[in-house]
Structures are given as structure tokens and as C-alpha cells.
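Listed below are the residues making up each chain.
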Amino acid sequence: MSTAPYSLTGEGLAKKFGRSALFKGICLSAATGESLSITGPNGSGKSTLMKILAGIQKPTAGNVDLVSGSSIEKTQWLSHIGYTGPLVNPYDELTGLENIAFAARPADAGERAGRLLETFGLGPHRDKKVKHYSSGMKQRLKLILAFLNDPPVLMLDEPGMNLDSAGTALLHSYLESVRKEKIIIIATNDPLEEQLCGRTIKLG
Amino acid sequence: MKAISAAVKSVYILMPAAIVMAFLWAPPAQVLGDSSRIMYFHVPIAWVSILAFIVSGIASILFLADRKGSFARLDGIAYNSAEIGLVFTVLTVITGSIWARISWGVFWNWDPRETSIVIILLIYIAYFSIQGAMAHNDNRGRIGSAYLILAMITLPFFAFLVPRIYPSLHPDPIINADRTIFLDDRMRSTLAVAIVSFTVFYCNILHIMNRMMKLQNHIEENRHEAD
Amino acid sequence: MRLINILSCAVLLLPAAGAAIPADRAGEPSVTQSAAQVLHGQDMQKNAPSTEQKQEPSTTLYQVMGVVLFIWIGLAVFLFRLDRRVARLENRAQPKQ
Amino acid sequence: MGKDILRNLRKDFLVEFRSRFALNVSASFAAIVTIAISLTAGGVPFPANVQAIILWIIIFFSAMNGLSHIFVREEDQGTALFLRTAVDVDSVFVSKFIFNQAFMAVILAVVTPLYLFFLQVRVVHAAHFIFSIAAGGFSMAAATTILAAMVAKAGGKGSLFTIISFPILLPVLWISVSSTSAALNAAPPAGGSLLFLLAFSGFISVISFLLFRFIWLED
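Residue numbers (numbering that gives the first Met the number 0), protein chains in the order written: chain A, 0 to 203; chain B, 0 to 226; chain C, 0 to 96; chain D, 0 to 218.
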């Protein structure tokens, strides 16, 4: 990964589904070292906004730009972004370790994966099929998959979902340890996670 | 917009002219007699169904190529054109098989032209089933367009390559029975007038359907604003 | 769509009617024979042309042309009125936009 | 890109091997139909062209049961978004394409021997027969990969895949049937059909590759 600082800007973002508008006129920006939380009631478009920021969906109006030195092409965004959310499901038929092997891009991901598995307490379950995981374990695996390639931008949609208090503490301490070198964007309604981030954007 | 509206109105004059020419002015063909007059309807209808197919294919290509969305509702135009095309394809099959019954004695015998029109029909049916399966899906326009493009690309393989590689599959004498009829000048010009008027007819329907689609969208948007 | 349904019915009649008479004329000299009989009857093709050359104006040809024209006029009136109605709605929608 | 393709292929083979659902359905369908036809025929061999037609009908429908599975599974199990974040568009298409080719090869390897065994087929030109089957299967898998993606995005409802595949696959079936029936006849077969199939599959693969991003990436 390049070491140049990243910055993410969104201008005048709007999304319509069919004919009903979800949100409009959202402007935001974040640079490396900054963190952002997106809050709002259910159905206010948090997940959609996250997807738009990650380049997975297109906004109806406005545009998003990810810059590191020079502007990065949209098709390449996902190799710079660690994205996870309720709809990003690992493969049930594969074990935790196999899912990690599938998602791992750089060569040193193996070591990182081992460390992350230990950190998040999944070490003993690495060779179990994901369909035998509990929902909390699955959420931990999803977080590992997002952190795996050490992306400079982290976009976490409801990262605390299904986690027990130990899991939440692990997540928070991990985010605290990397916040200096990354852009972190979290969509959440949990006040604790909201406090973790520098700024808050309210939807709805 | 105004110019198109005016131009397509010429169909109100062209079509009666084509009908009268087809029945009164054009002489009966030497071999087929008066039954050849169905040609002035069958050929233009077949032409319109292919035209509609090509138009919807081109609209689909433009729709996918135009990522900025500067042309609105190209996928809707492709859909409307395909709808007209489906009707005309069915008509082509019906008129064609009536004609085949009169001149060859059978309703159907899979010559290359019959084969290709049936394939167009199948493609349209497939297109409408995939559109129907995605009634309220945001991907609808793009997937339907991609399918139409893919289908349009397979078509030349039937129309040109197959008869050439397998000449034995398609008995040439049968198709030549009507292809080699001598067309005199009056017949030819009648056919030309009929083709032009059916093309304008197609443009007229497409134009009206597109405007109706626009109005429908407009009404639905306004209804939501009122909420 | 309603428009396309009506169109399909109407346009369907147009060429079918056109097909009917020629079959009649191309058949045996007896002009009274109905088109349907000819269509479903024995073969009527090859022996036709020899008897065809009389150029005696058959009323059937005119009748069928009349039917086709009548259908076309109906279709044209429908299209024309639809066109007008759409234009009126467009005019009403325009100022609001 | 090469690494991405390998990662995705390894994952697909692993997942498919663990469940074997698609393969089981396709193979059992092929076996049941072949045996049923053989049973009804009562041991009387069909003429060569009928044999070719029946063979390709069996291949077509067995393949239709399984070829869409590769994309439909991703949507059904909700893993499509994970795949999307982990692998870029072009690699997804290429790896799924390769997977479908492998799947088709397995289907052909199951169906053809069964068919030859049960229906007393006498293959006159063995090499031509094998090439016809292989080229036909290759074109079929090549053309249906993108259609599978469309069906998956459309909700993957039942027989939709068969309906939309048929018009596109018709030239392939047509040529394959006549080429296979030539291989079962004493008459010397022409090589043009294999060329046609290769040209067709090459052409359609390129177009599918270009169109795939419009289907895979959402708005």
C-alpha cells in the first residue's frame, strides 16, 4: 500500500430508490487519521450511504472521490477499502481460515491473519465451518476479513452487531490502535462507537 | 420533438396509399396470382420486426455506454421498441405461414427465413420473461439491455453463417419459388411505398409509447412529491 | 400495455384479410367459393395462373380492400385521438416542471 | 488478476465439492432421462440423427440444471457482496467462466458414456464424435456464464435460466446435433461445424466479458 495520505470526499450525495428519495445533499470529507460516524434511525440510508462511499453503489446525484496522491480509479477502490456490513457474508461451507485465505490479497496476509485470529479469539475455531459459528463469532470473522489486508480506509457498517462486551472491547481497542494511520468510517447507532469517532453525520 | 410528431403523421396518408396501390395498382404476380398481394403486407411487417429489434439493440448499447445518464430512459425506449417488435414478429409469422400455405401448400417448413424469424420471436419472449422477473428491481434496465445486446450478436450466426456451412439443411428451391418471381416496376414501387409507410407507422407507435412512458413517470414522481 | 394490445388485434386483422381473397381469386373460377373453404380445402396453387389472366374485375378484391381500408381507418382514428390526448397531457405537465 | 482468479477458483471448487448439490442434480437427471429413454425404446436402436438429437437434449437439460448455480448460489447465500469486495469484476467473470467449463466437462463425461452404453449408439467417426461433443459443450458453457449472472441478479427464479438460454444456445445446439449425427453416420463429416462452434464461443465469450461489469456492478 502506498504511504501517501488518503482522503475521501463526497459532495452533494443523493440516493433515490425508484421514486422515493432516501437522502440528499450529503457532503462529507475525511483524511487519513480522521474518523467519522454516520448515525440515524433505521431505514434512513446509513448502509446505502456506506455502500456509496465504498464505491459499491452509485449515487443518484453527486460524486465521491478517493484520493491518495492522485485520484484512484473507482474499480480499484475496494482494494484500498476494508468494507464490512450486515450483508457481507462469509462462505458457510468454508472454514474460518479458508475464508481468510480467499480474502487475503498481499503475501504477508498469512501472518496478519494468524495475529488477528488470536486477537479476536477465533484461534481455536479457525478450522470450523462458518455455518457452525455463532452469530457473534461470525461477526468477529467479518471484522477480521475487513482488517485482513491492512487497508488504509476502513468502512464498518454496524461493527458491534451481535458482539458480546469482550468483543466490543476488542473492536474498540483495535480501532484505537490504528486510527492514526487510517480513515475510519462507522455506521452505527451505538453511542460508545459514536464517541470513538471524531465527527458525526446524522441522517434522517 | 415537434418535428418528429409532424413527420410521423404522414402515416395517415402513406398507409391508405400503400393499401390502394397494393390492391389496385400493382399487377398480380405471374406465378402466384393475386395471392402475391399479401407480399405488400408481409414483407414490410417482417422488415419492421427486424427494425424494431435493431432499434432496441442500439438503444440498449447506448444505455449501457452512457454511464453519465445524459440520455434519459433509453432502456424504456428499448423496451417499447421490443414490445412493438414482438407484435410485428407474431404478425410476420402469421402472414408468412398463410402465404406459405397458399404458395407452397404447407404452413411451415423451416426455411432459413422462417427459422430466423422464429428465433427473433424466442429472443423477445426470453427478454420479456427476464423483464417480468425483475418487475421492481433496480438492475432491470441494465440486465435487459445486456440480454438484448447478447441476443442481437447471436443473430448473425443464424442469418448468415448457418445456411452457408450447411447448404443441405435448407432446400434452396423452396425459397427460390418466391424469391425469383419477376417484380416489375409497379410492384417494386408499391412494395417500396408499403415498406416506407409501415416504417413510419412503427415510428409513430414508438413515438406515442415513449411519450406515454414519460408522462407516466412524470405523474408517478409528482404523486410522491405530493405525499 | 393497453395500447399494444389494441394495436395487435387491429393489425392482426389487416394482413389476414388481405390474405383471404387472393386465395379465393387464385383458386378455381367460381368466385363464390369462400376464402376459408379454399384455405382448408384441397391444393389450390399450381393450376391457378392459367385461368387468372382474364383481368375481369372481381368484386372480392374490392371487398377485401374495403375491409383492409376500414380497419386502417379505425386504427388511424384511434392513433390520432391517442396522439391528441397525449399531447394535451404533455401540455398540462410542462408548466409544472 | 491471475492471483485473484486462482483464489476465486479454489474457493469455488472447495464450496462446490463440499456440497456437490449442482453436480448431483445434473448427473442424476442425466442418468434418469437416459435410462428412461432406453427403457421406452425397448432395445431398438434409433436412427443416427434421432440419437444425436436426444443426446443433445439430455446434455442441454442436465447442463441447465447446474450451469446457473455458480452465480445463483452467491446470491442465495448472500455472499455476492463479499465476493465483490474480495475479487475484482474481470477476475470474477474469468474464474466463473473456467468453473463452468469444468462443470460442463464433468457433465459431458457422465452423460456421454451413459448414453453410449444404454442406447446402442454406433460411433463411426470416433474422433469427430468426441470433438463435436467437446466443442458443443464448450460453447454451451461459454454462452451461459453471463446468462447465469443475469438470472442470479434477476432473482434466480426456476426455469428462467432455461428460457433465456435457449435462443442464445440454439445455434450451438443446431450445429452440435448435425455434427454429432454426421459422426454417427457412414458419410464423411465436415470440419466446418467445429470451426463454427469455436468462432461462436470465442465471440460470445468476448462480448460476455465486456458486458459482465454492467450486470455484476450495481447502480
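These aren't lab readings, by the way, just hints derived from the structure by calculation. Quick caveat: nothing in here was measured; it's all calculated off a predicted structure. A portion of the hints provided could be inaccurate.
Stated by the list, open to error - Straight-line alpha carbon distances no greater than 27 Å define the calculated BS3-like cross-link-like pairs of lysine-lysine that follow: (1) A/K127 - D/K2; (2) B/K8 - B/K213; (3) A/K15 - A/K201; (4) B/K213 - B/K1; (5) A/K201 - A/K23; (6) B/K213 - A/K23; (7) D/K2 - A/K128; (8) A/K179 - A/K15; (9) A/K15 - A/K73; (10) A/K15 - B/K1; (11) A/K73 - A/K127; (12) A/K201 - A/K73; (13) A/K57 - B/K8; (14) A/K179 - A/K201; (15) D/K2 - A/K73; (16) A/K128 - A/K73; (17) A/K73 - A/K57; (18) A/K57 - A/K15.
To be verified - Label pairs and their calculated CB-CB ranges: (19) A/G11 - D/G154: 43 to 51 Å; (20) B/K8 - A/G11: 52 to 60 Å; (21) C/R84 - D/L194: 54 to 62 Å; (22) B/L214 - A/N161: 42 to 50 Å; (23) D/S158 - B/L214: 49 to 57 Å; (24) D/P112 - A/G68: 34 to 42 Å; (25) D/P112 - B/F127: 56 to 64 Å; (26) C/R87 - B/D65: 25 to 33 Å; (27) B/A5 - A/N62: 33 to 41 Å; (28) D/A108 - B/F127: 55 to 63 Å; (29) A/L191 - D/E217: 28 to 36 Å; (30) D/F20 - A/T199: 17 to 25 Å.
Glycine included, every Cβ here is placed at the ideal spot set by N, Cα and C.
Hints, one by one, checked against the model:
Proposed proximity of A/K127 and D/K2 is supported: the alpha carbons are some 25 Å apart, at most 27 Å. Between B/K8 and B/K213 the CA atoms are separated by roughly 20 Å; this keeps the pair inside 27 Å, and the hint holds. Distance hint between A/K15 and A/K201 is fulfilled; the C-alpha atoms sit about 18 Å from each other, no more than 27 Å. Only pairs whose Cα atoms come within 27 Å are accepted, and B/K213 paired with B/K1 is accepted, the gap being roughly 16 Å.
Distance check on the hinted pair: A/K201 and A/K23 sit about 12 Å apart at the alpha-carbon level, within 27 Å; holds. Our distance criterion of 27 Å between C-alpha atoms is met by B/K213 and A/K23, whose separation comes to about 24 Å. Under the criterion of a C-alpha separation no larger than 27 Å, the hint pairing D/K2 with A/K128 is consistent with the structure, at around 24 Å. Annotation: proposed proximity of A/K179 to A/K15 is violated, straight-line Cα distance about 35 Å (limit 27 Å).
A distance of roughly 21 Å separates the Cα atoms of A/K15 and A/K73; the hinted pair therefore holds under the 27 Å criterion. Taking the CA atoms of A/K15 and B/K1, the gap is about 31 Å. The hint is violated against a cut of 27 Å. For the proposed pair A/K73 and A/K127, the alpha carbon gap of about 35 Å is over 27 Å, so the pair is violated. Distance hint between A/K201 and A/K73 is fulfilled; the C-alpha atoms sit about 26 Å from each other, no more than 27 Å.
Simply put, A/K57 and B/K8 have alpha-carbon atoms about 41 Å apart, too far for the 27 Å limit, and the pair is violated. Annotation: proposed proximity of A/K179 to A/K201 holds, straight-line Cα distance about 24 Å (limit 27 Å). Of the supplied pair hints, the one linking D/K2 and A/K73 holds, its CA atoms being roughly 20 Å apart against a limit of 27 Å. Our distance criterion of 27 Å between C-alpha atoms is broken by A/K128 and A/K73, whose separation comes to about 34 Å.
A hinted pair counts as satisfied when its Cα atoms are at most 27 Å apart, and A/K73 with A/K57 qualifies at roughly 11 Å. Taking the CA atoms of A/K57 and A/K15, the gap is near 10 Å; set against the 27 Å cutoff, the hint holds. The given range of 43 to 51 Å is broken by A/G11 and D/G154, whose C-beta atoms sit roughly 33 Å from each other. Here the CB-CB span from B/K8 to A/G11 is close to 43 Å, at odds with the stated 52 to 60 Å.
Checking the proposed 54 to 62 Å range against C/R84 and D/L194 shows it holds: the Cβ atoms sit about 56 Å from each other. Evaluation of the 42 to 50 Å hint for B/L214 and A/N161 yields a pass: the beta carbon distance comes to about 48 Å. Roughly 35 Å separates the CB atoms of D/S158 and B/L214, a value that falls outside the hinted 49 to 57 Å. A hinted range of 34 to 42 Å for the beta carbons of D/P112 and A/G68 is inconsistent with their spacing of about 59 Å.
With their beta carbons about 39 Å apart, D/P112 and B/F127 fall outside the hinted range of 56 to 64 Å. Take C/R87 and B/D65: their Cβ atoms lie about 31 Å apart, and the range 25 to 33 Å holds. The hinted window of 33 to 41 Å between B/A5 and A/N62 holds, with their beta carbons roughly 40 Å apart. At roughly 36 Å, the beta carbons of D/A108 and B/F127 sit outside the given window of 55 to 63 Å.
Range check, A/L191 to D/E217: about 32 Å between beta-carbon atoms, so the 28 to 36 Å window is met. Here the CB-CB span from D/F20 to A/T199 is close to 46 Å, at odds with the stated 17 to 25 Å.
This entry does not satisfy hints 8, 10, 11, 13, 16, 19, 20, 23, 24, 25, 28, 30, going by the numbered hints stated previously.
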